[in-house]
Each structure stands twice: as structure tokens, then as C-alpha cells.
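Chains as they are written, first to last, in numbering that gives the first Met the number 0: chain A, 0 to 313; chain B, 0 to 313.
In short, the hints are calculated from the structure, not lab data.
Keep in mind that this is a model prediction, so the values were computed, not measured.
The beta carbon of each residue, even a glycine, is placed where N, CA and C say it ideally should be.
Check each hint, because a few of them may be wrong.
To be verified - Covered stretches of chain A (in silico footprint by chain B; criterion: 3 or more residues with CB under 8 Å from a CB of chain B, positions within the stretch not fixed):
1) 184 to 193
2) 256 to 263
3) 284 to 291
So the chains spell out like this:
There are 2 protein chains.
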Amino acid sequence: MSSSPDISAVRSYFLALQDSICSALELEDGGSRFHEDTWTRPDQSGGGRTRILSEGAVFEKAGVAFSHVRGTQLPPSATAHRPELAGRPWEALGVSLVLHPRNPYAPTSHANVRFFHAAASSIENPKSKIETPIWWFGGGFDLTPYYGFEDDAIHWHRIARDAVSPFGETLYPRFKKNCDDYFFLKHRNEPRGIGGLFFDDFNELGFENSFALVRAVGDAFLPAYRPIVARRKNTSFTDRERQFQLYRRGRYVEFNLVWDRGTLFGLQSGGRTESILMSLPPLVRWDYDWHPAPNSPESRLYEIFLKPRDWLAP
Amino acid sequence: MSSSPDISAVRSYFLALQDSICSALELEDGGSRFHEDTWTRPDQSGGGRTRILSEGAVFEKAGVAFSHVRGTQLPPSATAHRPELAGRPWEALGVSLVLHPRNPYAPTSHANVRFFHAAASSIENPKSKIETPIWWFGGGFDLTPYYGFEDDAIHWHRIARDAVSPFGETLYPRFKKNCDDYFFLKHRNEPRGIGGLFFDDFNELGFENSFALVRAVGDAFLPAYRPIVARRKNTSFTDRERQFQLYRRGRYVEFNLVWDRGTLFGLQSGGRTESILMSLPPLVRWDYDWHPAPNSPESRLYEIFLKPRDWLAP
Chain A
0 MSSSPDISAV RSYFLALQDS ICSALELEDG GSRFHEDTWT RPDQSGGGRT RILSEGAVFE
60 KAGVAFSHVR GTQLPPSATA HRPELAGRPW EALGVSLVLH PRNPYAPTSH ANVRFFHAAA
120 SSIENPKSKI ETPIWWFGGG FDLTPYYGFE DDAIHWHRIA RDAVSPFGET LYPRFKKNCD
180 DYFFLKHRNE PRGIGGLFFD DFNELGFENS FALVRAVGDA FLPAYRPIVA RRKNTSFTDR
240 ERQFQLYRRG RYVEFNLVWD RGTLFGLQSG GRTESILMSL PPLVRWDYDW HPAPNSPESR
300 LYEIFLKPRD WLAP
Chain B
0 MSSSPDISAV RSYFLALQDS ICSALELEDG GSRFHEDTWT RPDQSGGGRT RILSEGAVFE
60 KAGVAFSHVR GTQLPPSATA HRPELAGRPW EALGVSLVLH PRNPYAPTSH ANVRFFHAAA
120 SSIENPKSKI ETPIWWFGGG FDLTPYYGFE DDAIHWHRIA RDAVSPFGET LYPRFKKNCD
180 DYFFLKHRNE PRGIGGLFFD DFNELGFENS FALVRAVGDA FLPAYRPIVA RRKNTSFTDR
240 ERQFQLYRRG RYVEFNLVWD RGTLFGLQSG GRTESILMSL PPLVRWDYDW HPAPNSPESR
300 LYEIFLKPRD WLAP
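Pulled out of the complex, with its shape left as it was, chain A reads as follows (with noise of 0.2 Å):
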């Protein structure tokens, strides 16, 4: 039996998880603020808060966004596999963050949880014969280390697992391996990072425990994320990790550019540009056929940590 979904539940959740999420970043950084840009889109449509904090020291960038946009009518790219949701007002939520910070031995994180609707029949068409509202979460975490180490990886998929076992033991082989197709960079034949969680369209349990998953996988971010970048922020380092992490970034970027759904529909659709591309890292370098030394601590992240394994077998 599905429950009926509350939007303004969703809305009001989310926004107190970009700020729980970014007073801790704060704390964690302790020496810069986020900046909050709000922006609506120009016909009532809708809006955001992108919150940014640059040059930290801890963070040399980190974007939390919220937005929620509505429309009258979905578009028909969005719906070419959906017929059925065509000309219904819709409306598309959620919170988006990435966090680049500056020590190369802290990884890069991003986190998202998002939530659509579509009205049960639109305005245009009040006499569709689908009278349910159609609606699925979205969501996940995954993290990208410069230089990897066993303790936080099996860390980070202990908290991933704990947050969505108890809505089903399938849920979290489901959401990892899901993760570590999508966030996939084919024309490397190579992972973005350690993987996490990954899930969309996601109604299967009801409104009420898929919403309640969804928390569960918000609220997680944190204990997931903070202690590993609590104890690798000041690790001392030299130019060379730094090179390397640079390097690696550019990995970062070409996956979202050229692969990333979400940000190549909102930059080909018109979304707000600044926002989506808050993700990009601050500095990047390319080096033509760069390859690690063998036996060497870069070539250790491609062997050990770019290759999807279970982090939590016994």
C-alpha cells in the first residue's frame, strides 16, 4: 500500500540537511564561512540556495546546494521513457554537495538526495485516465581519495551499509554496485573513486520508508564523511601529492562533463549554470600520458582503491 507523498515534508527535510551539513563543514574547516547565493528562475518556477565556501583550510571548495524547480508541463526529453507523465506539472527537489578539500590525503566527496513529483493529471489534459501522482527519491554518497587507505574505505561502506540495511539487506549490494556502474569512466576503463551508494527512481517501499530511507541516507553523510576528513586533514604533504591530486581532479571533471546525467541535462537544458558546475574542482592539471612509477603510492590508488571491490567481505 502506498502512502501519499508530502512534498513540503521532503522540502523541509532537505533544507535542514543542507544546513545541518554545512555547520559541520564549517566547524570542520574553521577557518572560512559558506557564502549563500539564492537564485528563483526568472517566471516563478522556482529556486535554490547554492552555498559555496572557497579557500578554506581544510576545504579549498566545497558546494551544498538545495533547489527545487516546478514546471507545467515536463519537457519530451524528459519523458521519453515515461509517455505517460507528458504535459503533467511537475515539481524536483533536492540537495547536491561536493567537497574538494585541500590536503591531497583527504578525499573528495559528493553526496545527493533528491525527490519528483508529477501531479496526478495536468491542467492540459484533465481527463488523463492516470490518476496516481507518480513520484520516486533519488540518492547516494560516494568517495574519491587522492591517496587511498583501507580504514577509511571500509569506514565509509560501513556507514553506507548500516544507513540502508534496515529498510531491506538487498538495498545496500543493490546501491553499491548501482554506484559503481554509474560513477564509471568508460573512456578510462576506470572507477571515479571507492564507490558508495547510488539509487534513483526509487518508490518501492511507499512514500513513508522510502522517504524514511532517504533521511537515513542523508543523515549519513556526515558520520561518513567527517571522521575521515577529521583524520587526514593535516597530514603533512609535499608538492608532489599535490601535483597528483591536481591530476587526479582532472579525472573529476571529465567524468562530470562527459558522462554525468544530471549535469549535462541541467547545462543542455538551460539549469542554472553556476550551480551544476559548483562541483568542478578549484585548480586542475592535465599531463599528456601521465602514468604513475611502479610500486609507488600513486600507482597503489589505481591498483588497490580504482577497482570495485566488497569493502565489507569478512
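Take the given structure of chain A and dock chain B to it, following the hints.
Then chain B, alone, in the frame of chain A:
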């Protein structure tokens, strides 16, 4: 009357063009030399020679690549708009270059010449009714300044016009407009630079004259670019200009990874990633929602140079 295509003559010209451009750029640089990588595709279906000059005195990164690849059957993705090509043996060859000078007063430049040929009838499909081979040339060059100079823009476009005008008075305005339209970042509503020439699917003059046009474009690149880099390469600059250059290089990455058809097709179809991505700048920064101060040298770039205009208007 269409003359018949001579692929080996095209290949010889492209190889010689790569040589002459690399020699001239090494002289202009005076510090570093090109490093050559030759590569072959695993199935004996072609290869290339990619040449990179890194950390030069003038060029922070310069890539000049030749490639020549063949296939026994065009993939469906390449023939969606040309079903008559399906199943035919084909070849594609070209020279492509991107130059990223170190000095922010010297512009980045891109040039390309290419030739595509599909055989008269396929081995797989010997009864094909179409007996004429299908071929076309493509190419052009465009300029991306960080700090604009009207003299440079006029020189650049004058050389471009003079290269193609002997083949028809309409070609320069047509190819210039193609270039303005193609090298455009829709998500920024911003041209990549001041344009130049761009053409594709070009065979309307018959093989001999189309090839002569392509040689005229290839041969015009050095006279167009070299005087500009020569007069800007020693301009003194401070960290302010350097940071603006790194920021603007982000636009180059955004264009190449989000919009450039050749890059996307190459990455998504299993091309040689390092040769495709040699176009990316060596060092790049992204700043959230950055805007130049009014009436600054940086705002002049946007106001005067990043607007399509007729640089040769009397």
C-alpha cells in the same frame, strides 16, 4: 565534374603539415621540443603519431596530432544520417592541434584538417547500387584570446579570408559563421573565442579543388598564428593575468568535454583517450560565479572579443 579522390596524396600532405607546424613551433618556443608517440590500433586498423611539447618557454602545452584510421564497416552511429554508407569500408585521417601558451597575452589556438572516405561498395554488400565513392573534407582554425587585441583579431581573420577567397567569395563568410556557431558554449551563452574558419562535409568543388582549399587552410595556420604569438609571448604579466588565464581555460575544458562533437564521439566510441584529450589545458581553475570588474581589462574580453563580429568590416 568530380575528380577521383587520392587518399595517399592527402595523407602525404597531412604528414608534411604536421612536420612543418611542429618545426615552426619549436623554433618559436626556443625552449622545448616535441615528444612523439606513435600508436597503432590493436586490430591493425590504423594509428597515428601524437606530438606533445610540454613546459616550453612559450608553450605550456602544445599538441599536434596526426591520425589515420580505417574500418571495414561504418558503425550505425556514424551512418544514422547517411544510411547509404552503412556497411562500407571507410578511412578517416587528419591533423589536429591545440596550443596553450604560457603568457596570458598570447592566445590559445586550435586548428584541424581532415578527410573522410568510404569505398564505392562494401565487401559485405557487393551489390550496392551506389558506385561512387563518398568523401569529404573538414577543417578550420579558431583563436581564443585571454586578453584581446584588435590588431591580432584583424590579422587572424584576414589570413583566414585570404586563404579561402580564391576558391569562392562566399566561402569566408560561410566558414566564419560556421565557426562562430560551432565554437559556442550554450550553457554560458558565450563564444569560445574570436572564431576563424570551420567547415565540414565539404566536397562541392570536386576532389582536386577541395583538396587545394584544405591545403590553403592548413598552410595558412602558421602565417595566421605565429606573428600573434611572436608579438605577445614576451609581454610582462603578473599573477592577476595568470589567474584570469587559468579561469578562462576552464571554458576551453567545458566546450571540449560538453559540446565538441569530435571529442565526445572519440571518447564514447573507444578512440585513443590521451590523443583526444591532449587538447585540454595543462592547468585550469574554476571559481564559483566569478565576474570581471566593470571596465577592467578582463571585462573588455567579454565586451569586445567574445561577441561574434565582422573583424574585416571596412
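Consistency of the hints with the structure:
1. Note: the segment 184 to 193 of chain A has 3 residues with beta-carbon separation from chain B under 8 Å; the three-residue rule is met and the coverage holds.
2. Residue count for the segment 256 to 263 of chain A with a Cβ under 8 Å from a Cβ of chain B: 3. That meets the three needed, and the coverage hint holds.
3. Closer than 8 Å: that is the beta-carbon criterion, and the segment 284 to 291 of chain A has 5 residues meeting it against chain B, so the requirement of 3 holds.
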